[in-house]
Amino acid sequence: MKRNSFVSEYGALIALLLLFVINVATRGGSFLQVENLRNLVSQNAAVGVIAIGMTLVIIAGGIDLSVGSLTAMCGAAVILLVNSFAHSGMSPNMAILVAGLGAILIGAFAGLINGLVIAYGRVAAFIVTLAGLAGFRSIALVLGNGGEIRSEVSALQDFGFGGVPIPFAKDAAGNPVLFYWSAIVFIAIAVLAGFVLNKTRFGRYIIAVGANERAADYSGINTQTVRLTVYAILGSLVGSASMLVGARMNSIGTGSAGLYYELDAIAAVVIGGTSLRGGKGRIWGTVVGILLLTLISNMITAYRIDTNWQGLVRGIVILVAVLMQRGRKENE
Amino acid sequence: MPKLEVENIVMQFPAVRALDSVSMTFEPGEIHGIVGENGAGKSTLMKILSGVLHATSGTTLLDGNPVLLSGVRDALRRGIAMIHQELNLVDELTVAENVFLGREITKGGMLDGSEMVRQTNGFLAEIHASFSATEKVGNLSIAGKQLVEIAKAVSVDASILIMDEPTAVLSDPEADSLFELIARLKERRTTVLYISHRLTEVCTICDRITVLRDGAWITTVQAKDTNPSEIADLMVGRSLKDFFPSKAISPEAPPTLEVETDRGTGFSVRPGEILGLAGLVGAGRTELAETIVGARKSSSVRLKMAGRSHQLHSTKDAMKLGIAYVSEDRKRLGLHLSLNMVENVTLANLRSYGNFKLNARKELDSSTNWKKRLDVRVGDMNDPVLNISGGNQQKIAIAKWLETKPKVLILDEPTRGVDVGAKREIYNLIRELAIEGMACVVISSELPEIIGLCHRAIVMREGRIVGELQENELSEEAVMRLAAGVAAA
Chain A
13 MKRNSFVSEY
23 GALIALLLLF
33 VINVATRGGS
43 FLQVENLRNL
53 VSQNAAVGVI
63 AIGMTLVIIA
73 GGIDLSVGSL
83 TAMCGAAVIL
93 LVNSFAHSGM
103 SPNMAILVAG
113 LGAILIGAFA
123 GLINGLVIAY
133 GRVAAFIVTL
143 AGLAGFRSIA
153 LVLGNGGEIR
163 SEVSALQDFG
173 FGGVPIPFAK
183 DAAGNPVLFY
193 WSAIVFIAIA
203 VLAGFVLNKT
213 RFGRYIIAVG
223 ANERAADYSG
233 INTQTVRLTV
243 YAILGSLVGS
253 ASMLVGARMN
263 SIGTGSAGLY
273 YELDAIAAVV
283 IGGTSLRGGK
293 GRIWGTVVGI
303 LLLTLISNMI
313 TAYRIDTNWQ
323 GLVRGIVILV
333 AVLMQRGRKE
343 NE
Chain B
117 MPKLEVENIV
127 MQFPAVRALD
137 SVSMTFEPGE
147 IHGIVGENGA
157 GKSTLMKILS
167 GVLHATSGTT
177 LLDGNPVLLS
187 GVRDALRRGI
197 AMIHQELNLV
207 DELTVAENVF
217 LGREITKGGM
227 LDGSEMVRQT
237 NGFLAEIHAS
247 FSATEKVGNL
257 SIAGKQLVEI
267 AKAVSVDASI
277 LIMDEPTAVL
287 SDPEADSLFE
297 LIARLKERRT
307 TVLYISHRLT
317 EVCTICDRIT
327 VLRDGAWITT
337 VQAKDTNPSE
347 IADLMVGRSL
357 KDFFPSKAIS
367 PEAPPTLEVE
377 TDRGTGFSVR
387 PGEILGLAGL
397 VGAGRTELAE
407 TIVGARKSSS
417 VRLKMAGRSH
427 QLHSTKDAMK
437 LGIAYVSEDR
447 KRLGLHLSLN
457 MVENVTLANL
467 RSYGNFKLNA
477 RKELDSSTNW
487 KKRLDVRVGD
497 MNDPVLNISG
507 GNQQKIAIAK
517 WLETKPKVLI
527 LDEPTRGVDV
537 GAKREIYNLI
547 RELAIEGMAC
557 VVISSELPEI
567 IGLCHRAIVM
577 REGRIVGELQ
587 ENELSEEAVM
597 RLAAGVAAA
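Residue numbers (this note's numbering), protein chains in the order written: chain A, 13 to 344; chain B, 117 to 605.
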C-alpha cells in the first residue's frame, strides 16, 4: 500500500525520469545535446503557461475550454497592435512591449467575462467557456479575414528566437545556444504560481473554494471573487502565451493558432496529479505533465514513428494518469 | 443458534488497528445495542458486517455457516441491510424508484413502474409510513427518508438490520415512532444492530448492549441490568460523574445580540450567558441561525449588536460584527475535510496571518495552541481532517470560529455525532467561554443538553419563536409542550 501510494503520488515524475533514461540509453549524445534539452523545455512553453493558469482554475473547482480560441484572438490582437504601433512611428521594441501588455489585458478581460458569467451568473463553467471556445475563435477569424495575420516588424521574431546564452554551450556553427525567452517566461510563471498557491492567502482561498465552496462561504470567504479572479488570471496568462506564439511564428494563423490548447493544457494538469474535482493540486505536477507530453512527441519524431500515432499515445498517457490518481484517492 | 456471529475479527489499517480480535453473537429477533466512543471501532465493525470492508482476519458466521461477504450487494442478498448515518438516497427519484434502485422490476425489458409502486406501498404500509410510494424523496423530512431506507431493507426481506445513529437527526416524537417500528421488526424476528451515542435510548430499546473501547470488546450486558451512567463509565473506562458542568452565574449586563423577527417575536443574549434554542427538527432553528449570520438571505430578521442595528448580507458581515456560527453540518459546511487541521483552524481568520504571503509559523503556532487548549487528539496536524473522529472534528470547527474572536458564538447541535468524553469537554468549553464573557447560543435537539447547559431557552415551532423559559422554568416537559404545541396540562 505504501509503495502504491508513492507511485500514484509521483507517477508522472517517475514516468518522465523513466522516459528520460530510455532516451539517454537509446539515443545517447543526440538526446543529451544542449539544443535538444533546451527545445524540450521551450517547445510547449506557450501551452505550459496556459496550463499553469488552468491548474489554478481547476483547483478552484472550475474548467476553461476557451483558452485555445482565446490564444488565437489575443495573438491576432498582438500582431495587429505591433503592426499599427510600428506604423505610427513607435520603436519596434516599444511596439512589441506595448502590444504584449495589450494582449495580456485583452486576455484578462476575456477571462474576467468568463468568470463573471460563471461566478455571478451561476452558469456551469463548462458551458460558459464552451461558448468562449466558439466565440473567441470567431473574433480571431474576423480580425484576420479568416486567414493569417503576418507581423511586419521583424524584431518580433527576434524576440521569439531570442534568449539568454547558456554558459559554455555552442552549436555546430560555434554560436552560443540561447535559452529562449519563452522557456524563461514559462519557468518564472510556474514558480510564481507555485508561490501564490502554496504560500499566500489567495492560494489558500483557491483551495478552500475548490474543496468545498459552501464551507468556504460559511468561513467568510468571498467565493465569487475568488472564482472570478482565477479566470482572469488564466486569461492574462493566455494573453502572455499568445505573445510567445506570435513571436515564434512572426504571424498568427487565426484558424489554426492555439488549436487544441485547451485539451493539451487540461491533459497536462490531469497528468500532473491535480484533481478535476477541485480542491487539490500542484503546479510542479503540471510542469511535469507538460514536459512529459513534450518528451513523448519529441520521441515520436526522433524514432521516426508516424506522427499520426501521437494522439493515441497522448490519450493513453492521460488515461493511465487518471487511473493512477484514482488509486491515490482511495488511499486517503 | 445465533443468527449472526463474529469470531476474532481483526481490522488492521495502515496506521491503526481498528478492531482487535472482537467476538460477538447476535440472536434472531434481538435488538443489540453497540456503543463506544468515536474511534472505538463500532463503524468499522458495522462496515465489515455490511460488506463495505473486509476484515484482516477472523470469521463471520451467518446462521452457523461461515460467510465471506464480497460486497454490499452480497450482504444484501444474504439479508443484511445497513442504514447509514448519511442516508444513501437519490433526492430526485420517487420513494418507489429509490426502494428498487439497482433491482428494478421489469416487464418485457421495460421498467414496470406500477408494480414497483404497488409493492412499495405495501412495504410503506407495513412500517406505518404516512407518505406514498410516488412521493419524491427530496420532499420528505429526514425522518421520512429514514423510513424509506427501512422500507428498502424490508423489501429485500432483511433478517439483519444495522442502524448507525438513526436518531441523531430525529426529533423526539420522530424517534419514538422509530422505536415502535423497531419493536415491530423485532416481532418479525429481525435482528437489529443498533449503534447510538444516546445511552438512555440504548438502555430503553435494546435487549443486550455491547461496549467497545479502542477497538476491543469490553463487555456485553443485558440492558435491563444496567443504566446509562454505568454504560458511559464502561465506554470511557473511567467514572463520568456530573455530566454537565455547573452553571455559571447568570449575568446582568446589557444584551450583546438582539434579534427580532417579522412576527414581533425575538430574543436577546447577554455576555456570559448561554441561551438554548430548542425545538423539534425542522422547527426552523438552523434557518434562523443561518439568517442571523447572513448565510441565508431573508429580510424577516432584524438584529442589533450592542444596541446598534445592522443589516447583514454575508457571513463575512457577521464575522466583522463578531458573530460566529458553528454549523450543525460539520462535514459539509463547518469544515474542509480534505484540508488539514492548521488550514481549517485559520481559514475564517486568514487575514490575521498575512495580506498576501501567509505566515506559516504563526499559523502553526496558533493551531498548536488550540490543539492544547481544546485537547484535540490528532496524530499529525498535516493530515486531512477527513479521517479523524467526530469529537475532534467538532473541536477543530469550534477552534476555527474562536479564532475570529467572536462576541457571540452560535453553536448548532454542538455534540451531534460526538463521543461521551468529547461531549463533556465541549460542555466545559462552552461554559468557560461564557465565563470569559462570550454570549453563547446553543441550538440542540437533545433536551438534557438544553436543560443541563443553558441559563435560559427559547423554543421554536414551525418557523417561529413560541416561548421563552427562564432557568427556574426549564424542564424537559416544559420545552416539549412548547416545541410540540401542546397546552399545559
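A portion of the hints provided could be inaccurate.
Covered stretches of chain B, as calculated for chain A (at least 3 residues, CB under 8 Å) [what the hints assert, rightly or not]: (1) 426-439; (2) 455-464; (3) 472-482.
Just a few of them, taken from the derived set where beta-carbon distance is under 7 Å, the chain B residues facing chain A [to be verified]: (4) A411; (5) L449; (6) H452.
BS3-like cross-link-like pairs, simulated, lysine-lysine; straight-line CA separation at most 30 Å [as the list claims (entries may be wrong)]: (7) A:K211 to B:K252; (8) B:K447 to B:K252; (9) B:K447 to A:K292; (10) A:K182 to B:K436; (11) A:K182 to B:K488; (12) A:K182 to B:K432; (13) A:K292 to B:K473; (14) B:K447 to A:K211; (15) B:K163 to A:K211; (16) B:K223 to A:K211; (17) B:K163 to A:K292; (18) B:K261 to A:K211; (19) B:K252 to A:K292.
Hints listed in this document are in silico derivations from the structure and should not be mistaken for laboratory results. All C-beta atoms, glycine included, are put in the ideal place defined by N, C-alpha and C.
Checklist line | Which numbered hints fail | finding: Violated hints (numbers, rising): 7, 10, 11, 12, 15, 16, 18 and 19; every other hint is consistent with the structure.
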